[in-house]
Every structure is written in C-alpha cells, then in structure tokens.
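Protein chains in written order, with my numbering: chain R, 2 to 108; chain X, 6 to 124.
If you are wondering where the hints come from, they were derived from the structure by calculation, not from laboratory data. Note that the structure is predicted; figures quoted are calculated from it, not measured. Note that the Cβ used here is the ideal one computed from N, Cα and C, for glycine as well. Warning: the hint list may mix true and false statements.
[Said to hold, decoys possible] Simulated restraints on C-beta separations:
hint, chain 1, residue 1, chain 2, residue 2, range
1, R, PRO97, X, ARG59, 19 to 25 angstroms
2, R, LEU42, X, SER69, 38 to 44 angstroms
3, R, ARG31, X, SER69, 36 to 42 angstroms
4, X, ALA105, R, ARG61, 44 to 50 angstroms
[Unchecked claim] Stretch-level coverage of chain X by chain R, calculated; a stretch enters the list once three of its residues show a Cβ under 8 angstroms from a Cβ in chain R:
hint, segment
5, 27 to 40
6, 50 to 63
7, 96 to 103
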Amino acid sequence: MLYLFVLLACVVVTLPLELVLGVRVYRRPRRLLLTLAPVFLVFVGWDALAIHAGQWSYHRLTGVHVGNVPLEELLFFLVIPTCAVLTLEAVRRTKPSWRVDNCGDDE
Amino acid sequence: MSYTAACVVGVAGALTLDLLVLRTRLVARRAFWTAYGICLLFQLIVNGVLTGHRLVTYAPDAISGARVIYAPVEDIAFGFSLVLQTLVWWVWWGRRARQARTNAGTATDARRAVPTRTR
Numbered sequence: 002m003l004y005l006f007v008l009l010a011c012v013v014v015t016l017p018l019e020l021v022l023g024v025r026v027y028r029r030p031r032r033l034l035l036t037l038a039p040v041f042l043v044f045v046g047w048d049a050l051a052i053h054a055g056q057w058s059y060h061r062l063t064g065v066h067v068g069n070v071p072l073e074e075l076l077f078f079l080v081i082p083t084c085a086v087l088t089l090e091a092v093r094r095t096k097p098s099w100r101v102d103n104c105g106d107d108e
Numbered sequence: 006m007s008y009t010a011a012c013v014v015g016v017a018g019a020l021t022l023d024l025l026v027l028r029t030r031l032v033a034r035r036a037f038w039t040a041y042g043i044c045l046l047f048q049l050i051v052n053g054v055l056t057g058h059r060l061v062t063y064a065p066d067a068i069s070g071a072r073v074i075y076a077p078v079e080d081i082a083f084g085f086s087l088v089l090q091t092l093v094w095w096v097w098w099g100r101r102a103r104q105a106r107t108n109a110g111t112a113t114d115a116r117r118a119v120p121t122r123t124r
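This is chain X alone, in the form it adopts within the complex (with noise of 0.2 angstroms):
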C-alpha cells in the first residue's frame, strides 16, 4: 500500500472511531475544526522544516508527488488522522469520568432516599 493509499484508510479509521466507534461526533463540532485549524498551521511550519531541511525523505513511488511547504501533501491527512483520533480519545476518557461520577452521585441519593420512601 503507497503512503497515498494508507492515509485514505488513516482518515477512515478517524471518522469511524469519531462517529461510529465511540462516537464523539468531533467532526461536527466548531470547537474541534478551530482546533485543527491551529494544529495545521503548526503543522506546515514543522513538518516544513523536517522535510525541508531533509531530515525526513520520502520516497518518490510511495506518494503522488504534490508537496506543501516541501512536505508530500499526504502528511496533511496524516496529521488530520492523528489529531482527530488523540482528540475523541481524549474527549470519550472525559465523557467516561463524568458518566462514572454521575452514576456514583445518583447511587448516593438512592441510598439516601432509601429511609425516605420507607418512613
């Protein structure tokens, strides 16, 4: 598989943990494309001095040959991959905690309710 092909299946497999799998749904939200945005700005300034100054080289049948700020434009769609999967890990981890304290909060009123409902 070129470097082409595997970032098709890499952003795949993001949008299917983000709105499948744990279903984060991130990609419809304003708060992660700003996000994003500001990782892919960050992105092009060190992913173009890495490839510029060549010390990541690539090799020219692997990719389809178009370049941003030196860097093969496929490494666009692996950030993308990378970034969106780390961020519905991290929001699924929060929703979990929360879900967890919820349910500990609600089994404390039931057994405080308990004596209530028997009096």
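Bound-form chain R, shown alone (with noise of 0.2 angstroms):
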C-alpha cells in the first residue's frame, strides 16, 4: 500500500496549486486527457518491456496488474504527468513573463 500512498500524496500536494493558485489544469479535462494519452501509452509500453526483460521488478504491491503491469504503474503515468502539468502551469502562474510558446500564449 506504500505505492498507492506515496501517488496520493502527490495529487494531495499539488491539489492547491489547482484550488488556491487557481492554475486550472483538472478544469481543462479534454487537454489533460490529450497530453496524457500519447504518455501513458509510450511509458507503459515501455514498462511493459522492461518488466518482460526482467529489468526491474516490483515487490509488495496491491497484486492487481493489467498484462504484467502493476495497478500502482498504471497509475503512476498518470499521476505523475498530471504533477508535471501543474507544476508547469504554477511556474507559469507565478511568472507571467516567462513565456512558453513560441506560437503566442494562453491568456
């Protein structure tokens, strides 16, 4: 269970940055599921592969695996890009001027 706590705890420490920093990146749902997609597949995948070639191993999980992928896995790459966004977008928050996009920014 040390897995899926140490996952919640990341969406419960960035979760202000979200409610109180106001960077909205849970309230854009379709373009978080868009950059999440291409991630999660690339990453799986390649976890996948690296588990089939005995490369790392996992110990003391839930048990539950999708293939030979664990649950905490799964959800891995998808907790931790999330992090990744709203750390991005609480930099971005905080230095307006930093621009990202060399194609013009969001508002």
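Please assemble the complex out of the two chains, which come individually in their own frames, going by the hints.
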C-alpha cells in the first residue's frame, strides 16, 4: 500500500495549485486527457517491456496487474504527468512574463 | 537493450518530439527548466521512498550501478523524458486550441467584412 500512498500524497500535495493558485489544469480535462494519452501509452509500453526483460521488478504491491504491469505503475503514469503539468502551469502563473510557446501563450 | 541504453533513447525521443516533431522548443524555455527542477526535486523524494523501501528493484546487469538517493541514476533520465514529453504535449494541445479559436475568429471577421467590402 505504500506505493499507492505515495501516489495519493502526490495528488494531495499538488491539489492547492489547482484549488488555491488556480492553474486550471483539472478544469481543462480534454486537454489534460489528450496530453496524458500518448505519454501513458509510451511509458506503460516501456514499463511492460522492461518488466518482461527482467530489468526491474516490484514487491509488496496490491498484486493487481494489467498484463504484466502493476496497477500502481498504471496510476503512476497518470499521476506524475498530471503533477508535471500542474507544476508548469504554477510556474507560468507565478512568472507571467516567462513565455512558454513561441506561437503565443494562453491568456 | 539495457535500461541505461533505453534511457538514452528515451531522452533523445523526448528532445526529438520537442524540437523537431511538435516544435514546441520547451528546452529553450526558462519556465520549462524551472518546472522540471521542481519535478526533479520531488522525483528524488518519491523515487527514494520507492527504491529505498525496495518496492522497486533493478537487475544489476541492466543498470550502470551509479545511484542517487537509492535509485539508479538512469531514473533521472527516465523522469526527464517523462516530464518533457508530457509538457510538450500539453503546450502543443494548448497551441492547437488557440489556433482553432484564432481561425474561427478570422472566419467570423471575414464574414462580417463581406458586406462592408461590397457596399
């Protein structure tokens, strides 16, 4: 359960960025899902190959798997990228003069 | 392919996506590196917990053996690739949405402009 607790902590610790700082990441669910989807596919694929090749292994998890990938890993590749987006938007909110996109920025 | 080699591919792939494919050029942005620095700090903590408690273990022959806070140094490259790819897609989808709005606005302006021109 420790792995799930760590992931939960990541969600809880970054929640004020959305709720207090108002970064509007969870409030743009379509853009967030479109962002998570390709990253999820690439990294779950990498994970599955590495597990298959015996490069790393997991211990004391819930035991729930999809294929050979543990549930915790699937959640990891949703939670951590979301935290990364929240962090970038928090930096942008804090430093509005720092441009991010050379084709213009969000409001 | 060892984890070490896979990490080189992972970082190269993320850079290619950023610089050549979607052309977001985030690695040239202070905002990206600041966000990445914050992510790296938290990665070292989270990864340290997972590897320190041996929830994740690595085959010795798949890694270089160098470790940072219990985790293989390769995990830093893995994390960089994960964060960069994520933020590239996020910024790119935002650009697409803005361009769609701009095009819709231009189309509306054009329709409005027609009577003015024909008058």
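A quick look at each hint next to the structure:
Range check, PRO97 (chain R) to ARG59 (chain X): about 44 angstroms between beta-carbon atoms, so the 19 to 25 angstroms window is missed. The hint said 38 to 44 angstroms for the Cβ distance between LEU42 (chain R) and SER69 (chain X), and at roughly 27 angstroms that hint is violated. The hinted window of 36 to 42 angstroms between ARG31 (chain R) and SER69 (chain X) holds, with their beta carbons roughly 40 angstroms apart. Taking the beta carbon of each, ALA105 (chain X) and ARG61 (chain R) are about 47 angstroms apart, inside 44 to 50 angstroms as hinted.
Check result for the segment 27 to 40 of chain X against chain R: holds, 9 residues qualifying (beta carbon to beta carbon below 8 angstroms, three or more required). Check on the segment 50 to 63 of chain X: 9 of its residues sit with their Cβ under 8 angstroms from a Cβ of chain R, so the three-residue criterion for coverage holds. Proximity of the segment 96 to 103 of chain X to chain R, defined as three or more residues with a beta carbon under 8 angstroms from a beta carbon of that chain, is established by the 6 residues found.
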